[in-house]
Amino acid sequence: MSKEALSKAMAELEEEQVIALVKELLGSGVAPLEIVKALQEGMVEVGNRFERGDYFLSELVMAGEIMKGAMDILEPHLAGESTEHKGTIVIGTVRGDIHDLGKNIVVMLLKGAGYKVVDLGVDVPKEKFVEAVKETGAPLVGMSVLLTSCQGALKETIEALRAEGLNPKVIIGGNYVNETVKKHVGADYFATTASDGLKAAAEVFGA
Amino acid sequence: MAEERQERMLALWAEGQNVQFANEEAERAYKERVIRLKDAIQLKKVPDRVPVCPVTGLFPAYYAGLTVRDAMYDYERAAAAWRKYVLDFQPDAYIGMFLAPPGRFFEILDYRLYKWPGRGTPPHTSYQCLESEYMKADEYDVLIQDPSDFWIRIYLPRIFGALKPWEKLAPFTEVLEIVMTCGSFIPFGFPEVQAAFKAVFEAGNEAVRWASIVRSVDQDLQGQGFPALFGGVTKAPFDIIGDTLRGTHGIMMDMYRRPEKLLKALDVLTPLAIRMGVSSARSAGHPLVFIPLHKGADGFLSDKQFRTFYWPSLKKVIMGLIEEGLVPFLFAEGGYNSRLEVISELPRGKTVWLFEHTDMARAKEVLGDVACLAGNVPITLLTLGTPQEIKDYCKHLINLVGKGGGFILSSGGVIDDINPENMRALIESAKEFGGY
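Residue numbers (the numbering used here), protein chains in the order written: chain X, 3 to 209; chain V, 2 to 437.
Rather than coming from a laboratory, the hints here were simulated on the basis of the structure.
Careful: at least some of the hints might be erroneous.
As the list claims (entries may be wrong) - Simulated crosslink set (EDC-like; lysine to aspartate or glutamate; CA at most 20 Å straight-line): (1) Lys184(X) with Glu390(V); (2) Lys118(X) with Glu86(X); (3) Lys305(V) with Glu86(X); (4) Lys137(V) with Glu67(X).
Next up, chain X with everything else stripped away, as it sits in the complex:
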């Protein structure tokens, strides 16, 4: 059994097969990192299918669940091994808003695509964004929002970053955001789907 088969099973959401293959590959001495990489390749394909309209939210949720199951098996073997990544992204749902479904999907796909993601959670005060960017030096910050009444929080958070002299690219994501909202709050990109987010990340990191 090969890593290609694992990537394919991941992309096809064959849960039992993924788990069996992970165990098998581990047993036959394949490096855990290589297995993670194969899973990530499958996850990238999941993202591609979502973008093409072949997969839906339900498939993304299921993919995340399968990935989690696989990582539970792999993590004890990963201790000490440093994973390579394409770059760091800070992400969170802005102050006043507790919706996390969209954010979690993007986080999952970004991780799958090989980024290191610092997830600040929901209802995140602007100070926490500032602090996280200072700490990580992340070149890209994602701000998630669902409520139209939290538009002010987007704007304030971006202003707070700029006031500290921090200039990461900022992408806002949410069901209702568009070019107008992007301009209004001073963001660099906007995303209404997870794939838009991935595209922006690829642009920022040249990946």
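Following the hints, put chain V in place on chain X, whose structure we already have.
For chain V alone, coordinates are given in the frame of chain X:
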């Protein structure tokens, strides 16, 4: 049969028999507005003009300068705000105060399902639902076996901190002809269970206090000529499980891991959803039943999943309500572009579909002969656009979808904090461009 019942329910609504009209002019205006909506809904006659009914959430509170917290805790001020919104803007039908729920009621019961200003969100921000797995994946059988018992002894103790002791209650179906039946009442003697009931009484008092104010606002506004947009409310069975019990994440996994159980649970909940819609609309004497749709939008489910898990039970609810002469008002947030063909199997002139990101030209093409369409002035435009931009959008929309009737001008989503001038532009547009 359904046809006659609908005529009768609509006539009852138009009569406004329980409404105390302020004067003849108000009575005439009320009837004119209801008839305008009736004509738009039934697709039999072209109304005198396109009706306009914005879906307001907390807009009346923001407009009156209240915080969301004020609106949820000071019922009288909220009532004044709702009156002011309707009288100032004169929509063809208004959405009542029920979208500003009573904060004290939540507090008394220690409500865990929501965060609200006063518990977890800032004073200016809307209350929000906290999705979680309030029902575990392995509890489907318990739900299917006895949904009411599941709600009373398992679900309610989880979402209301104050009702946790209800876990100790015995199933009520164990009270039957058997001599030792008092055993079922032993839990009512426990101090913690009695404390839970005290909280229930207190919450009941608060609900009555709030509802009486809501009712006085309704009586007032209807007496001055403005019908309410909705009589009853219910939900799609898939959303009942997805929003209320399992959460989005949970129900999405259930489609893969336990599809049979999910389908069975949807079956069991369907008649209960019909009952809820029928009883709420009947008690209001108003046939429109608000059904907010959540997890069936484009992108959430594949076409196959929609046709397997979402639509069959929703269609049964819709048909069950239509059978009783009611008019389901489907609030289809997000996009419904891939669902239009499925929807078109519904009977003509019996439903209203309010769309948000759906292509309205295609919706008119596919559903124009089937249902009254409503929507879809974007929330982003209403929030950030100018009054002129809104009027331009509305004019275009009316020309496109309003043709031949069967259209209600409205927002694509729930309106909270927008510039009042933009609300005015929305309402004026129907009056300026909507005449037939």
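Here is what the structure says about each hint:
1. Lys184(X) with Glu390(V): 18 Å, holds
2. Lys118(X) with Glu86(X): 9 Å, holds
3. Lys305(V) with Glu86(X): Distance ~39 Å between Lys305(V) and Glu86(X) Cα, so the pair is violated.
4. Lys137(V) with Glu67(X): 16 Å, holds
The structure does not agree with numbered hint 3 stated previously, though it agrees with all others.
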